[in-house]
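Chain residues, written in single-letter form:
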Amino acid sequence: GAVVSQHPSRVICKSGTSVKIECRSLDFQATTMFWYRQFPKKSLMLMATSNEGSKATYEQGVEKDKFLINHASLTLSTLTVTSAHPEDSSFYICSASGGQAIGDTQYFGPGTRLTVL
Amino acid sequence: AQKVTQAQTEISVVEKEDVTLDCVYETRDTTYYLFWYKQPPSGELVFLIRRNSFDEQNEISGRYSWNFQKSTSSFNFTITASQVVDSAVYFCAREGGADGLTFGKGTHLIIQP
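Sequence lines, in order, name chains D and P.
Our numbering applies: residue 423 is where the first sequence begins, and numbers increase by one.
Our numbering applies: residue 183 is where the second sequence begins, and numbers increase by one.
Derived by calculation from the structure, the hints in this document are not laboratory data.
Be careful, since some hints might not be right.
What the hints assert, rightly or not - Subject to a maximum C-alpha distance of 30 Å in a straight line, what follows is the list of computed DSS-like cross-link-like pairs (lysine-lysine):
id, chain 1, residue 1, chain 2, residue 2
1, D, 463, P, 185
2, P, 220, D, 464
3, D, 477, P, 185
Owing to the predicted nature of the structure, the values given are computational and were not obtained by experimental measurement.
Given the sequences, and given the hints that come with them, work out the whole structure.
Here you go:
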């Protein structure tokens, strides 16, 4: 099956620093990658959608300048949380899809748990 | 976004019992897709099934089965002869029209030995 990796799996940082999370599709080319955020015992909330070589499309309420997304290749997307604050602490999950059509299955990475002190 | 409702927040059953997880969705679209994902304690979402709106045929995969009923906008998931390893949070999701993948709130399934 399709495999998506994320790195790091856990990160603890001080308030005000920036953190970069990588998402890689290991055995397929991901035309589209998605970034989600999940609070404890809550559902996944889509933050943004990115297509390779294009600017990411952010969901309403998500700060573009705070959550920088780069999708530089068909196998790699990065999410950078800039000037992180404790309220940014969360579980961040990426997913990847081989197509851009509605209904294309998304395969999820294992997630990154971010703790901002 | 059109909502996905998983009314069961938590279900606890004893191993070997059958259990059904409910999913009801809203839709104004003719074409849409439904999914189920499993999220074990490790956190990684595992894809279980994808179904498009034109295919109402029920599906069985081992101990898992899915019942898609367009008339009631439901896409229920049944685990037969449950096992402890089935313990996880299960998410139902919908994608279609202008909406991306929209998740329900999840059902926490606890299988007791």
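Now the hints, each set against the structure:
Restraint check: the Cα-Cα separation between residue 463(D) and residue 185(P) comes to about 18 Å, which is no more than 30 Å; the hinted pair holds. Between residue 220(P) and residue 464(D) the alpha-carbon distance is near 14 Å, which keeps this suggested pair within the 30 Å criterion. Under the criterion of a C-alpha separation no larger than 30 Å, the hint pairing residue 477(D) with residue 185(P) is consistent with the structure, at around 27 Å.
In this structure, none of the earlier numbered hints is contradicted; all agree with it.
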